[in-house]
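The listed protein sequences derive, respectively, from chains A and B.
For the first sequence, my numbering begins at 1 and goes up steadily by one.
For the second sequence, my numbering begins at 459 and goes up steadily by one.
No lab work stands behind these hints: they were computed from the structure.
Ideal Cβ placement from N, Cα and C applies to all residues, glycine included.
Mixed in with the good hints there might be a few duds.
[Stated by the list, open to error] Now the stretches of chain B that chain A is said to cover, found in silico as 3 or more residues with beta-carbon under 8 Å: (1) 477 to 491; (2) 536 to 546; (3) 557 to 567; (4) 597 to 609; (5) 791 to 804.
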Amino acid sequence: MAVAADTDANLLRLGGFSGKDIPEDDLLRACVHCGMCLPACPTYRLTGQEMSSPRGRLWLMRAVADDRLDLLDPLFDEQMYQCLNCRACEAVCPSGVHYGPLVEASRAQLEQHRPRSLSDRVVRRIGLDWLFADSWRLRWIVNLLRLSQRSGLTVLARKMGILKALGMADLEALTPAISRRALVPGNERWDADLSISPPRRARLFNGCVMGTVFANTNRAAARVMARNGSDVDVPVAQLCCGALHVHAGMMEEARVLARTNIDAFASSGDDPIVVTAAGCGAALKEYGYILKDDPAYAESARTFSARIRDFTEYLGERDLVPPTRTIRRQVTYQEPCHLVHAQRISRQPRDLMNAISGLELIEMKESSLCCGSAGIYNIVRPDMANELGDRKALHAMETTASEVITANPGCQMQVGASLRRNGSTAKVRHIADLLDEAYGGAKTKRSVIGNSAQHATR
Amino acid sequence: MDTRVDRYSLVTSLENIVGKDAVFTRAADLLVYEYDGSVDGAVETAMPAAVALPTTAQQVADIVLLARRANLPVVARGAGTGLSGGAVPQQGGIIIGLTRMNRILEIDRDDRTALVEPGVINLELSEATIPHRFFFAPDPSSQKACTIGGNVAENSGGPHCLKYGVTSNHILGLEVVLPDGRIVWTGGRAAGISGYDLTGAMVGSEGMLGIVTKALVRLTPMPEATLVLLAPFADIDSASHATTRIISAGIVPAALEMMDNLTIQAVEPAYHAGYPMDAGAVLLIEIDGIADDVRGTGEEIATICAEAGATEVRSATSQAERDLLWKGRKMALGAMGRLAPNYYLHDTVVPRSKLPATLRRVDEISRDFDLPIANVFHAGDGNLHPLMLFDRRIAGSTERVLEASKEIITYCVEVGGALSGEHGIGTEKSGYMTMVYTADDLAAMAGLKNSFDPAGMFNPDKIFPKGYMCGEVRALRMQAMAQKLGIHAL
Ligand SMILES: Cc1cc2nc3c(=O)[nH]c(=O)nc-3n(C[C@H](O)[C@H](O)[C@H](O)COP(=O)(O)OP(=O)(O)OC[C@H]3O[C@@H](n4cnc5c(N)ncnc54)[C@H](O)[C@@H]3O)c2cc1C
Ligand code: SF4
Ligand code: SF4
Chain A
1 MAVAADTDAN LLRLGGFSGK DIPEDDLLRA CVHCGMCLPA CPTYRLTGQE
51 MSSPRGRLWL MRAVADDRLD LLDPLFDEQM YQCLNCRACE AVCPSGVHYG
101 PLVEASRAQL EQHRPRSLSD RVVRRIGLDW LFADSWRLRW IVNLLRLSQR
151 SGLTVLARKM GILKALGMAD LEALTPAISR RALVPGNERW DADLSISPPR
201 RARLFNGCVM GTVFANTNRA AARVMARNGS DVDVPVAQLC CGALHVHAGM
251 MEEARVLART NIDAFASSGD DPIVVTAAGC GAALKEYGYI LKDDPAYAES
301 ARTFSARIRD FTEYLGERDL VPPTRTIRRQ VTYQEPCHLV HAQRISRQPR
351 DLMNAISGLE LIEMKESSLC CGSAGIYNIV RPDMANELGD RKALHAMETT
401 ASEVITANPG CQMQVGASLR RNGSTAKVRH IADLLDEAYG GAKTKRSVIG
451 NSAQHATR
Chain B
459 MDTRVDRYSL VTSLENIVGK DAVFTRAADL LVYEYDGSVD GAVETAMPAA
509 VALPTTAQQV ADIVLLARRA NLPVVARGAG TGLSGGAVPQ QGGIIIGLTR
559 MNRILEIDRD DRTALVEPGV INLELSEATI PHRFFFAPDP SSQKACTIGG
609 NVAENSGGPH CLKYGVTSNH ILGLEVVLPD GRIVWTGGRA AGISGYDLTG
659 AMVGSEGMLG IVTKALVRLT PMPEATLVLL APFADIDSAS HATTRIISAG
709 IVPAALEMMD NLTIQAVEPA YHAGYPMDAG AVLLIEIDGI ADDVRGTGEE
759 IATICAEAGA TEVRSATSQA ERDLLWKGRK MALGAMGRLA PNYYLHDTVV
809 PRSKLPATLR RVDEISRDFD LPIANVFHAG DGNLHPLMLF DRRIAGSTER
859 VLEASKEIIT YCVEVGGALS GEHGIGTEKS GYMTMVYTAD DLAAMAGLKN
909 SFDPAGMFNP DKIFPKGYMC GEVRALRMQA MAQKLGIHAL
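Next comes chain A alone, as it looks inside the complex (with noise of 0.2 Å):
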């Protein structure tokens, strides 16, 4: 019996990948087809089909790497932006295969070779580009949103189907409640407690989103550090992470926003950078990464990606000042694919919560299974994104617990959004926030605000 050669004429057009960011070699052929990674993968969990496989799509990428599938073929386009990059195949792979970075320079070579409609390049010029490079632009825009949502202008806009109509209704199902107040970047400081030696200096990593949306949190996290012995400043001209672009492919948009912030942190020495965003961390990590092949900025991206810390993991290299507030409550843990899996860090977390007196951590079930939400992939593919929000809400529901834990502003907002979906009214909130109110909370530890809100480097 031939192979079924017949009926696929694009299987003949082939060029292999080609131009810049090219799927290392190297790390393609680590993977020996082992399935190992089968169960771990989301998309594969749900549809039980070896190309929604992490395994399968390595085999593709090597397929076209060989000249045996298209780069263009849609089921190569389809399989690469299906993937979460949530990264849980790249934590249990027993060979060690780097995933993450193959599948976004698959994604940079679509980029680079596939034609686009008009449409889709405005939309990603503006998303993307133009807005997460200026930090201006990104505040205005979070702040109409906050109007708008307060004014009662998206209630009534949900009323009389607007947004429906627009295909925005996940979206804006999605949208948390706004800070009032975003975080400027050099505005704002936060000293160490005094009863705590020898101080040390930590520097936030702001964030488009964490900075804006969720400010509140990052001032939470800040005074967390500031009441275990650091002082916190938050330098200024610092930017978007470039995770999203990373994630689309858009490798060059990613390393200008790369080289802004290793100059932005450059003027602080060795200072651990903290960063509450277990996305951006993860894709901080990976500034050595994606400059290494930038003679100006290789060597100077690697000691940056070496000052990353998740908030989590930046509190857990030193003993914890015991919390002062008792809070009675059972809470479960929904582990970010970005923390848990690309920066494999999992028991952090869990101690600093069980450090609060009173608080009763219940596990869910799959807890480290993506919650669907992967950067703006629960706006862009809803359908999968509704199946695994259903999945771990129906998990978290089961705990009885009032409250989810997490760590990432996205995983925060679609497990939000998916536990409204399901009837529940448990909370979703931010370990930082969580941890703040142990402490005592804004009324106990303020932030010095001024134009020169920074500490100086030691």
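Using the hints provided, position chain B with the ligands relative to the given structure of chain A.
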């Protein structure tokens, strides 16, 4: 392909059976069904003509009937972690993927059984039964990913099979779709078998006799206490002597595994399981049962190990410590990717008494072929896993590996061993079957295959050496007869 079923009607018929989203026929889709877990170079890849992902036994039967009309081969596929090429469709045809039949249908605490669909993942069955204080004993290292259907087809084993037995000891009954499209049950809940043991025939048949659509499996009660010992030795020899002495003292550990230095080099930096990097070999021994017995046996084993030259004996009792010690072992195969881009292994079995000599021979072969070989294996039942490390991009390296493995297999068979302990024969080892079986033996096996599947439709080209099946069975019988009569010309 039969002219009555052309390509177009094949696709639409498949879609009518399982639905549009469960049929794949584009070449790009089929690419990812051309491999399984087996090693590049040892098993040829091959693409199917179509893949269907059914959700019921009836759908499986309907696909089989369609394939019959179209005169196409049918290959069952679980998770595709097989190491002998079992799920690779050597003659194309239809792959029936069972990954969407993945429900645990029933857990019966009184009868200690579970009724499951074939796509249930091995470890997830145990995870579902542990709250009831039971587990599914066969524990291949791939248990996080492989399916019960695949376990049945390969008669898979794992570390704990030393005490509890391989898959065949844990299957009570099976629902199978036969090559003629009938759905039948073999075995059942009650102990004892009336008539032929068809369950026994199905287990280990590598998808060549029937497609499993439900399995009634035995659940094993969780032991009261479990102890894991780690004993490092200066060299492999003393570790194998310790193994032989433990078993001949009449002790039956739950598991007794050996890892040599090369394996430790691959695993320890990755998983920090706590194996000493400078040990020549370590034994990982698990004992389970009633608390008092476990403690006593543990001490007995520790003494034997110390006498055989163990540099220390460490014990782990808490779940977390035990998991860590095991993690290194369970991840060993995959971790080889850290030492070399490719690995290839066999899973020959030798009588335990021949273990030290066999390992010395493996070491010799490693030096003769200038090929690093890591040993990580089920020492307790003499089931070797010599892992040859190589880089297939270097010209001639694959050939060298295949030559070396032939040497290893030949030696193991000479000392009275078997070709495969648990990974199956597939296409990978079919060529070696004549080394262990006479033409008569093979003819008897072919007879069984023939009575189930005279057309050779289910998973062709597996187990039997090339040219031994279908039309050639008659010739085989004649050859057997000729052998008996001492006639050589045929
Ligand atoms: C890293 C690694 C470690 C491993 N360790 C072990 C080990 O310790 N012990 C061990 O025994 N094996 C081991 N294996 C081999 C493999 O995991 C087992 O053979 C496993 O049972 C295969 O299950 P599967 O679901 O992947 O089957 P597949 O690979 O999909 O198929 C294997 C065979 O079973 C047939 N089959 C699958 N499902 C059915 C069904 N429902 N009905 C009929 N036939 C079917 C297929 O046709 C094929 O012939 C290992 C593999 C890997 C990659
Ligand atoms: S990515 Fe890793 S776990 Fe997955 S098939 Fe490849 S080697 Fe195996
Ligand atoms: S990154 Fe996540 S979705 Fe993508 S292949 Fe890996 S496990 Fe699957």
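Now for the hints, and whether the structure bears them out:
With 10 residues carrying a beta carbon less than 8 Å from a beta carbon of chain A, the segment 477 to 491 of chain B meets the three-residue requirement, and the given coverage holds. Coverage of the segment 536 to 546 of chain B by chain A holds [criterion: at least 3 residues with CB-CB distance below 8 Å; count 3]. Residue count for the segment 557 to 567 of chain B with a Cβ under 8 Å from a Cβ of chain A: 3. That meets the three needed, and the coverage hint holds. Against chain A, the segment 597 to 609 of chain B contributes 4 residues with a C-beta closer than 8 Å to a partner C-beta. That satisfies the three-residue criterion, and the hint holds.
With a threshold of 8 Å between beta carbons, the proposed coverage of the segment 791 to 804 of chain B by chain A holds, since 9 of its residues qualify and at least three are required.
This entry satisfies every hint, going by the numbered hints stated previously.
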